[in-house]
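Construct the entire structure; sequences and hints are all you get.
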Amino acid sequence: MNHSLLTISDITKKLKNKEISVIEIVKSYLQKIEKLNKTINAYITVCNIDAEKYSRVLQEKLNSGEKLPVLFGIPMALNDNIVTRNTLTTCASKMLGNFIPPYNSTVNERLHDSGAILLGKLNMDEFAMGNSNESSYFGAVKNPWDFDRVPGGASGGAAAAVASGLACFALGSDTGGDIRHPSSFCGVVGLKPTYGLVSRYGLVACASSMDQIGPITRNVEDCAVVLNAITGYDPKDSTSAVIKYPDYTAFLGEDIGGLKIGIPKEYLDKGDNGEVNQRVFDACKIFKSLGAEIVEVSLPTTQYAIPAYYIISSAEISSNLARYDGIKYGYRAKDCQDIEDLYQQSRAQGFGSDVKRRILTGTYALSSERYEEYYKKALKVRRLIFEDYENAFNHVDVIISPTTPDTAFKMGEKFNEPKVCSNYEYTVSVSLAGLCAMSVPIGKDSEGLPIGMQLIGKRYGEGTLIKVANKFEEACNFVKTEFIDL
Amino acid sequence: MKYEVVVGLEVHAELDTRTKIYCNCTTKFGAEPNTQCCPVCLGLPGAIPVLNKKVVEYAVKTGLATNCSITMLSKQDRKNYFYPDLPKAYQISQDDLPICTDGYLDIEVEGKTKRVGIHRIHIEEDAGKLIHSESNNDTLIDFNRAGVPLIEIVTAPDMHSSQEVKAFFEKLKTILEYTEVSDCKMQEGSLRADINLSVKPEGAKTLGTRTEMKNLNSTRAIVRAVEHESKRQIEQLEQGLLITQETRRWDDAKCESYPLRSKKEAHDYRFFAEPNLCSIIIDDAWLKRIRASIPELPDDKKVRFIKQYDLPEYDAAYITSSKPLADYFENAAKISKNPKAISNWIMGDVLNKLKDGGIQITGIPISAQRLTKLVDLIDSNIISSRIAKQVFEIMWDTNDEPDEIVEKYGLQVLSDSDTIKRIVNEVISENPKAVDDIKSGKKRSIGFLVGQVMRKTDGKADPRIVNQLLSEATQ
Ligand SMILES: [Zn+2]
Chain A
1 MNHSLLTISD ITKKLKNKEI SVIEIVKSYL QKIEKLNKTI NAYITVCNID AEKYSRVLQE
61 KLNSGEKLPV LFGIPMALND NIVTRNTLTT CASKMLGNFI PPYNSTVNER LHDSGAILLG
121 KLNMDEFAMG NSNESSYFGA VKNPWDFDRV PGGASGGAAA AVASGLACFA LGSDTGGDIR
181 HPSSFCGVVG LKPTYGLVSR YGLVACASSM DQIGPITRNV EDCAVVLNAI TGYDPKDSTS
241 AVIKYPDYTA FLGEDIGGLK IGIPKEYLDK GDNGEVNQRV FDACKIFKSL GAEIVEVSLP
301 TTQYAIPAYY IISSAEISSN LARYDGIKYG YRAKDCQDIE DLYQQSRAQG FGSDVKRRIL
361 TGTYALSSER YEEYYKKALK VRRLIFEDYE NAFNHVDVII SPTTPDTAFK MGEKFNEPKV
421 CSNYEYTVSV SLAGLCAMSV PIGKDSEGLP IGMQLIGKRY GEGTLIKVAN KFEEACNFVK
481 TEFIDL
Chain B
487 MKYEVVVGLE VHAELDTRTK IYCNCTTKFG AEPNTQCCPV CLGLPGAIPV LNKKVVEYAV
547 KTGLATNCSI TMLSKQDRKN YFYPDLPKAY QISQDDLPIC TDGYLDIEVE GKTKRVGIHR
607 IHIEEDAGKL IHSESNNDTL IDFNRAGVPL IEIVTAPDMH SSQEVKAFFE KLKTILEYTE
667 VSDCKMQEGS LRADINLSVK PEGAKTLGTR TEMKNLNSTR AIVRAVEHES KRQIEQLEQG
727 LLITQETRRW DDAKCESYPL RSKKEAHDYR FFAEPNLCSI IIDDAWLKRI RASIPELPDD
787 KKVRFIKQYD LPEYDAAYIT SSKPLADYFE NAAKISKNPK AISNWIMGDV LNKLKDGGIQ
847 ITGIPISAQR LTKLVDLIDS NIISSRIAKQ VFEIMWDTND EPDEIVEKYG LQVLSDSDTI
907 KRIVNEVISE NPKAVDDIKS GKKRSIGFLV GQVMRKTDGK ADPRIVNQLL SEATQ
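As given, the protein sequences belong to chains A and B, one line each in that order.
Everything in the first sequence is counted per the numbering used here, starting at 1 for the first residue and increasing by one.
Everything in the second sequence is counted per the numbering used here, starting at 487 for the first residue and increasing by one.
Bear in mind the hints are in silico, worked out from the structure with no lab data behind them.
The structure displayed is predicted, hence computed values, not measured ones.
Quick reminder that beta carbons are idealized off the backbone N, C-alpha and C, glycines included.
Check each hint, because a few of them may be wrong.
Label-pair ranges, simulated between beta-carbon atoms [as the list claims (entries may be wrong)]:
1) H395/A x Y569/B: 48 to 58 angstroms
2) P798/B x S368/A: 48 to 58 angstroms
3) M558/B x L360/A: 32 to 42 angstroms
4) H395/A x D588/B: 41 to 51 angstroms
5) N98/A x L840/B: 51 to 61 angstroms
With a cut-off of at most 25 angstroms between alpha-carbon atoms, the simulated DMTMM-like pairs for lysine to aspartate or glutamate come out as follows [as the list claims (entries may be wrong)]:
6) K561/B x D237/A
7) K328/A x E620/B
8) K328/A x D624/B
9) K236/A x D502/B
10) K565/B x D341/A
11) K561/B x E387/A
12) K561/B x E372/A
13) K565/B x E369/A
14) K236/A x D769/B
15) K700/B x E340/A
16) K565/B x D338/A
17) K615/B x D341/A
18) K356/A x D571/B
19) K377/A x D754/B
20) K334/A x D571/B
21) K376/A x D754/B
22) K376/A x D582/B
23) K615/B x E340/A
Written out as structure tokens, the structure is:
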């Protein structure tokens with residue numbers, strides 16, 4: 001029996017009613033991965049043995065009638081930049097192609113304790129840099145809706161796996177849109193939490209001031225359930241939020257009457273893709289019918305978001321990736337003359353071209369001659385963007401936009417495009433401001449490709465996002481029913 | 487031409503915290519290589535730092551003890567460079583907002599007080615240690631030291647001789663020990679100094695080109711390096727040569743320095759704020775608590791000792807130059823009727839014994855209380871000062887109480903006038919020449935007779951009685 005398109009609550013119900021066993025569920029997922037991963041390439045590593053072993057342990061707990069944790073028996077997968085003890089964590093790079101961490105990320109520990117079963121590690125753009133998943137050392141991931149198209153990035157494997165039933169849910173990482181973008185391209189729900197909401201301990205850094213781990217799920221309810229499991233203060237992460245963490249499932253089904261939803265005029269003026277914008281306007285109509293008020297807001301500085309993002313993220317990347325030198329772990333070039341040569345050869349051979357481009361850019365932006373002109377200026381822009389959002393959120397509860405200006409593009413189409421972040425124009429400003437945002441499927445374009453809507457919330461406003469998205473989802477049931485079963 | 491030497495120091499002190507600056511690994515010295523590390527201090531992918539609050543506290547303590555302003559809102563920055571002992575390829579340090587700024591220390595050189603400015607004190611993490619294998623050509627890395635907390639203390643270029651540098655460095659060391667911020671074990675690398683030195687014609691306004699000598703780890707090496715480098719630079723200038731701005735390595739065994747790298751190859755450290763750490767916020771309450779935790783500092787203690795215990799300036803300065811020594815003195819002095827005598831004992835016999843035995847004051851076998859008892863025995867005329875030295879020796883070796891020793895060996899002063907008189911008479915009759923000398927005005931010969939009496943009494947006769955009886959008998 002195929003369980004691969006069930007949601008978390010479906011599986012939980014079936015487990016409690018003894019309709020299925022944990023062992024069966026895991027087996028069916030592993031079988032599907034076996035069958036489909038060759039084509040989609042969503043997984044870099046599949047943890048067959050560990051997953052089956054843990055499923056037997058959990059089944060025994062189920063039989064003994066113990067109280068079950070929230071994600072009990074749920075098969076899931078993690079982006080391959082989330083550290084898993086004793087399991088290969090490659091960041092989709094040759095550089096870490098052999099890296100088996102001796103420790104665990106906080107999120108993996110929390111998921112394990114919540115009863116979730118790790119099926120494997122997901123493909124992504126190398127070191128989470130890119131928006132097409134074509135930069136992975138382990139080969140490109142295919143969009144399950146059209147194998148000629150990209151799944152988006154950088155967490156493309158995660159979105160593709162959830163969309164095609166290769167995992168019940170996944171955790172991706174988002175630096176400038178890397179959860180929302182592929183979620184939009186693959187037609188799934190993806191949340192980039194507020195900076196600090198989810199522990200980054202054990203997330204291999206891309207740009208540390210923006211990186212966040214977040215859930216990719218089939219519906220909004222699952223998103224809330226997973227968020228409950230992975231949030232909470234972590235003393236191992238200095239930037240972990242010291243707040244009262246709510247029960248996110250409590251926001252499900254809440255009324256949105258009177259809620260103010262802002263539309264940034266700067267975004268909709270653009271109109272690159274009529275179809276995408278049209279769907280966002282349609283969504284606004286639905287929100288109105290649900291009692292929400294649509295208000296125009298202005299985010300004037302966001303036009304500078306992409307260059308600012310590119311400079312800041314590259315600067316941090318250049319520093320974060322400097323540790324990969326071939327000395328202590330990871331790829332080491334052979335036949336080197338001396339230590340300098342070893343550094344140079346290992347890095348030259350171990351990193352892909354996108355990563356190198358970012359390291360060079362970041363090193364340049366931080367150099368003493370260019371610091372003021374680039375890095376410092378970018379920080380000022382970041383501050384202004386933050387203020388733009390603060391001003392806007394004085395008037396509205398949520399801001400709405402397309403997630404991406406277009407639907408999934410063809411493989412090879414943009415790989416060498418110099419405007420690396422062009423597809424991120426709606427997502428990066430949120431990352432710079434450290435806010436939360438969710439991509440929610442709002443239908444398909446004329447070619448049958450998913451379209452995503454981005455809901456942007458205040459800091460720690462995940463509950464509001466869940467409430468709004470959940471109401472929307474209820475109102476248009478196509479989101480729930482339209483999944484591909486390959 | 488006369489030249490003026492200009493020296494500034496950058497002193498790195500390892501903080502005496504129990505755990506490292508960004509993780510829970512222990513900072514203990516001397517363990518097997520790579521046994522005191524974790525994902526954080528090894529810089530493994532995905533591991534991120536959490537600041538040890540003690541480090542901030544210790545830095546602030548040092549700042550307050552060196553008259554610095556405290557930065558209430560500071561941040562930590564990454565200093566980026568490649569080196570095999572640096573696991574993340576950046577060191578977390580502080581760039582533009584150090585925790586302490588603009589302080590000073592007053593030093594005494596040749597009887598004059600001089601003020602040396604302190605630019606800044608910032609916190610940072612130590613790197614690992616490279617070990618060059620003797621058996622083959624391998625270089626090994628020990629990361630036990632990686633992440634051990636350091637403060638870097640940067641002085642103004644206010645010192646002009648090796649004596650001034652020595653005085654400053656020792657003063658700073660004393661303060662770090664007093665505040666218990668660092669154990670200052672130089673042989674373990676807990677305290678290291680970089681010397682920035684230039685020379686210029688005397689009276690010239692602009693500074694000369696400076697060189698930097700890194701990682702000097704003894705006071706002697708610092709003094710010798712300053713002297714040697716001053717001489718080298720002056721010789722260069724005398725020969726009409728220019729000084730190259732460069733980093734030099736000091737080889738203390740050979741008493742020579744070699745160029746390491748010139749400024750041309752200098753690093754661009756690409757400092758930027760460490761995104762994994764939040765700002766360091768010090769509020770008034772915390773600052774107050776830290777201020778309250780600072781003990782009496784050496785300068786204040788010295789003044790108090792002079793006043794309270796009537797010590798000579800030199801003795802007070804010496805005793806307060808080490809906190810354990812000052813504590814030892816004060817433990818004895820406060821229960822003694824004669825603190826001055828305690829100080830004399832410490833400055834003399836105690837320090838000599840410690841030096842001979844290569845013992846630290848903290849390992850002294852005679853407790854402060856017993857030293858006080860010994861002084862009491864002298865003052866109450868139970869033993870003579872000469873006998874006291876014998877008692878002291880026995881105390882050092884046996885751990886016995888001084889009065890027990892006196893009792894056991896029968897070392898009490900002989901003050902029975904009749905017995906002494908008999909011996910005095912004996913000595914007088916045995917030394918007619920000396921007696922004649924005295925009578926003819928050579929008063930000094932009386933000392934010879936006293937010595938004879940003392941010999942016959944094993945040094946135990948009360949010298950006042952001996953003197954009195956002898957002068958009566960030789961009148
Ligand atoms: Zn550690």
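A quick look at each hint next to the structure:
Under the hint 48 to 58 angstroms, the C-beta atoms of H395/A and Y569/B, about 52 angstroms apart, fit the expected range. Taken as a hint, the range 48 to 58 angstroms holds for the pair P798/B and S368/A, whose Cβ atoms sit roughly 54 angstroms apart. Range check, M558/B to L360/A: about 38 angstroms between beta-carbon atoms, so the 32 to 42 angstroms window is met. Judged by the Cβ atoms, the range 41 to 51 angstroms given for H395/A and D588/B holds: they are separated by roughly 46 angstroms.
The supplied range of 51 to 61 angstroms is met by N98/A and L840/B, whose beta-carbon atoms lie about 57 angstroms from each other. Taken as a hint, the K561/B and D237/A pair is honoured in the structure, with Cα atoms around 16 angstroms apart against an allowance of 25 angstroms. A threshold of 25 angstroms between alpha carbons decides the hint, and for K328/A with E620/B the separation of about 21 angstroms falls inside it, so the pair holds. Distance hint between K328/A and D624/B is fulfilled; the C-alpha atoms sit about 14 angstroms from each other, no more than 25 angstroms.
Distance restraint check for K236/A and D502/B: the Cα-Cα separation of roughly 23 angstroms lies within the 25 angstroms cut-off, and the hinted pair is therefore satisfied. Between K565/B and D341/A, the direct Cα distance comes to roughly 22 angstroms. Compliance with the 25 angstroms bound is thereby established for this hinted pair. With a C-alpha separation of about 22 angstroms, the suggested pairing of K561/B with E387/A holds against the 25 angstroms cut-off. Between the alpha carbons of K561/B and E372/A the distance comes to roughly 19 angstroms, so the proposed pair stays at or under 25 angstroms and holds.
Distance check on the hinted pair: K565/B and E369/A sit about 16 angstroms apart at the alpha-carbon level, within 25 angstroms; holds. At most 25 angstroms may separate the alpha-carbon atoms for a hinted pair to count; K236/A and D769/B meet this at roughly 23 angstroms. The hinted pair formed by K700/B and E340/A meets the criterion: a straight-line CA distance of about 22 angstroms does not exceed 25 angstroms. Taken as a hint, the K565/B and D338/A pair is honoured in the structure, with Cα atoms around 24 angstroms apart against an allowance of 25 angstroms.
For the proposed pair K615/B and D341/A, the alpha carbon gap of about 21 angstroms is at most 25 angstroms, so the pair holds. The straight-line distance between the Cα atoms of K356/A and D571/B is roughly 24 angstroms, inside the 25 angstroms bound, and the hint therefore holds. A distance of roughly 19 angstroms separates the Cα atoms of K377/A and D754/B; the hinted pair therefore holds under the 25 angstroms criterion. For the hint linking K334/A to D571/B, the alpha-carbon distance of about 21 angstroms falls within 25 angstroms, and the restraint holds.
Between K376/A and D754/B, the direct Cα distance comes to roughly 16 angstroms. Compliance with the 25 angstroms bound is thereby established for this hinted pair. Between the alpha carbons of K376/A and D582/B the distance comes to roughly 14 angstroms, so the proposed pair stays at or under 25 angstroms and holds. Restraint check for K615/B and E340/A: the C-alpha separation of about 18 angstroms stays at or below 25 angstroms, so the hint holds.
The structure agrees with every numbered hint stated previously.
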